[in-house]
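So the protein sequences, as listed, match chains A and B.
Under the numbering used here, the residue at position 75 of the first sequence is numbered 75, and the numbers go up by one with no gaps.
Under the numbering used here, the residue at position 200 of the second sequence is numbered 200, and the numbers go up by one with no gaps.
Any given hint could turn out to be false.
Quick list of the computed label-pair ranges, beta carbon to beta carbon [to be verified]:
{"no.": "1", "chain 1": "B", "residue 1": "P220", "chain 2": "A", "residue 2": "H29", "range": "52 to 58 Å"}
{"no.": "2", "chain 1": "B", "residue 1": "L201", "chain 2": "A", "residue 2": "C148", "range": "41 to 47 Å"}
{"no.": "3", "chain 1": "B", "residue 1": "A233", "chain 2": "A", "residue 2": "C148", "range": "18 to 24 Å"}
{"no.": "4", "chain 1": "A", "residue 1": "C148", "chain 2": "B", "residue 2": "P133", "range": "39 to 45 Å"}
{"no.": "5", "chain 1": "A", "residue 1": "I89", "chain 2": "B", "residue 2": "D190", "range": "51 to 57 Å"}
{"no.": "6", "chain 1": "B", "residue 1": "P220", "chain 2": "A", "residue 2": "D15", "range": "48 to 54 Å"}
{"no.": "7", "chain 1": "A", "residue 1": "A166", "chain 2": "B", "residue 2": "D200", "range": "49 to 55 Å"}
{"no.": "8", "chain 1": "A", "residue 1": "A128", "chain 2": "B", "residue 2": "G136", "range": "47 to 53 Å"}
{"no.": "9", "chain 1": "A", "residue 1": "I89", "chain 2": "B", "residue 2": "S45", "range": "44 to 50 Å"}
{"no.": "10", "chain 1": "B", "residue 1": "R232", "chain 2": "A", "residue 2": "G117", "range": "46 to 52 Å"}
{"no.": "11", "chain 1": "A", "residue 1": "E9", "chain 2": "B", "residue 2": "V123", "range": "48 to 54 Å"}
Some residues of chain A that are not near chain B, with every Cβ distance over 10 Å (derived) [unchecked claim]:
{"no.": "12", "residue": "A11"}
{"no.": "13", "residue": "C96"}
{"no.": "14", "residue": "T133"}
{"no.": "15", "residue": "G149"}
{"no.": "16", "residue": "E160"}
Just so you know, the hints here were simulated from the structure itself, not pulled from any lab data.
Note that the coordinates shown come from a computational prediction; the quantities given were computed from them, not determined experimentally.
Even for Gly, the Cβ is constructed at its ideal location relative to N, Cα and C.
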Amino acid sequence: MAIRINGTEVAAPDDVRVSLLDLLRERLHLTGTKVGCNQGACGACTVLVDGERVLSCLTLAVQAEGRSVTTIEGLGSADSPHPLQLAFIEHDGFQCGYCTPGQVCAAAAMLREIEAGVPSYVTADLTAPVLVTREEVRERMSGNLCRCGAHNGIVDAILEVAAGRAA
Amino acid sequence: MMPFTYSRAASIDQAIEMAAGGRSHLLGGGTNLVDLMRKGVERPSGLVDVTALPGTIEETGGGGLRIGAAARNSAVAAHPLVRARYPMLARAILAGASAQIRNMATVGGNLMQRTRCVYFQDVAGARCNKRAPGSGCDAAGGFNRYHAIIGASPQCIATHPSDMCVALAALDARIHVAGAGGARTIPMVDFHRLPGERPDLETLLEPGEMIVAVEIDASPFARSTYRKVRDRASYAFALVSVAAGLTMRAGRIEKIGIALGGIAAKPWRALRAEAALRGGPATAQAFEAALAVELADAAPLPGNAFKVGLAQRTLGAVCIELSGSDR
Ligand SMILES: Cc1cc2nc3c(=O)[nH]c(=O)nc-3n(C[C@H](O)[C@H](O)[C@H](O)COP(=O)(O)OP(=O)(O)OC[C@H]3O[C@@H](n4cnc5c(N)ncnc54)[C@H](O)[C@@H]3O)c2cc1C
Ligand code: SF4
Ligand code: FES
Ligand code: FES
Chain A
1 MAIRINGTEV AAPDDVRVSL LDLLRERLHL TGTKVGCNQG ACGACTVLVD
51 GERVLSCLTL AVQAEGRSVT TIEGLGSADS PHPLQLAFIE HDGFQCGYCT
101 PGQVCAAAAM LREIEAGVPS YVTADLTAPV LVTREEVRER MSGNLCRCGA
151 HNGIVDAILE VAAGRAA
Chain B
1 MMPFTYSRAA SIDQAIEMAA GGRSHLLGGG TNLVDLMRKG VERPSGLVDV
51 TALPGTIEET GGGGLRIGAA ARNSAVAAHP LVRARYPMLA RAILAGASAQ
101 IRNMATVGGN LMQRTRCVYF QDVAGARCNK RAPGSGCDAA GGFNRYHAII
151 GASPQCIATH PSDMCVALAA LDARIHVAGA GGARTIPMVD FHRLPGERPD
201 LETLLEPGEM IVAVEIDASP FARSTYRKVR DRASYAFALV SVAAGLTMRA
251 GRIEKIGIAL GGIAAKPWRA LRAEAALRGG PATAQAFEAA LAVELADAAP
301 LPGNAFKVGL AQRTLGAVCI ELSGSDR
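Chain A on its own, in the form it takes in the complex (with noise of 0.2 Å):
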């Protein structure tokens, strides 16, 4: 079973050990997806698997055969751009830009949680439909982190890119 990477069929590797992440980066030079701690800390590797967010660290390779990848380069390019990719670019959502796909990627699956309702740990009714406010956004971007701390533009990118697809 191939794994789809991006539309894109791909064989599993032989070495079963080795992870999506160097996968993606050093066999199939997809370099768009960060190495930050390897370790499921930061968040820099967050890829879409079947849709979801996942962190391609912890993930093995072949845990993903037969289903399909999306990473940031089958998110948006520089000539098609994600919506969430210029709202970053518009309020300042990095400085380094070395977390950046990884919190894209999170971002996009963020929004699509919360649109099936899905809540978080700081929603206080679990039963009511979500919110999108500036905490709930705050709590479930928590696990990407970013050294250069551009957190308060992050969530204003989101917050406007969810308040476009509400409108």
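Mind docking chain B with the ligands on chain A? Use the hints.
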């Protein structure tokens, strides 16, 4: 390079067969195991992926829930019945890790996750009785802010890191397991062991056995919640956490369930505190006093003595949240 195998189990029987002998480990989401393999703490010769096994969440005859071991943490927290009937469970899961990790992590893996003691993870640099029995415990005289205040032993002072398990302990969950010798059910409150002389043995699961499902009865609590106190507001392990459920009758506590996280090698079910509170008023003062009874045997360390008071205040705050009453 050592040969290394990976196989995906299509049934529980097949998983048991594939993992027999103990040299292959079961693989859930991999969020703990893949990390520990990379650090050299876990050295299996192969992996048996159990994420294709049942992960369904079904209502049981008695109005309870049965959750397949392969259910993702995020799926359990988002399930309408969990949110409506077991708020403490939904909140406990949502308090753990990050959205990405909860999407990957399975219920079985969450129950079996290893301690986050930094010395346990430091293969090259630290002595650890859990990782290398008999080698010593560098946490005892080291950095023990995150370590246990009760139920520890001279051999090991590590805590169990799970949030979900704390709620499962307060809810008196049952863990269904299966192995070559057949199936059995273990009460959640007994599932994890205290370290004693053998900190390397962490649960009652026997070699070759696996978790198949978790079952909880219809919730006896009118209200329940989970509160977690940590060094940053999100994406951090608990210093102290509380799962609690409460049912009042004529101004008195009729039913109560309390479990604490971050203080012991297992989710700490506070049976003594519950007994002290039952039949009395739900005030923060009463809750704090009851926890003093519960923690009478606590033996905090220089690095974590603050946890005793923190646990009391956290339980007091939970009481206010659940009962609406103030001091
Ligand atoms: C950065 C970071 C932060 C975290 N923060 C938190 C937190 O705040 N709160 C919290 O609760 N957790 C936290 N976690 C831990 C996380 O919840 C666990 O790693 C996760 O629940 C493990 O589930 P898994 O399916 O990925 O397990 P795996 O890593 O796949 O496996 C873990 C263990 O369980 C065994 N196993 C798997 N399935 C079964 C089965 N069916 N039967 C028997 N054994 C089985 C495996 O063999 C392995 O030993 C954090 C993790 C990371 C990396
Ligand atoms: S506390 Fe336990 S896990 Fe940590 S170093 Fe000591 S023996 Fe190892
Ligand atoms: S590189 Fe994966 S979480 Fe840091
Ligand atoms: S922009 Fe530099 S780490 Fe986030």
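Checklist entry - Which of the numbered hints above does this structure break? => result Numbers 10, 11, in rising order.
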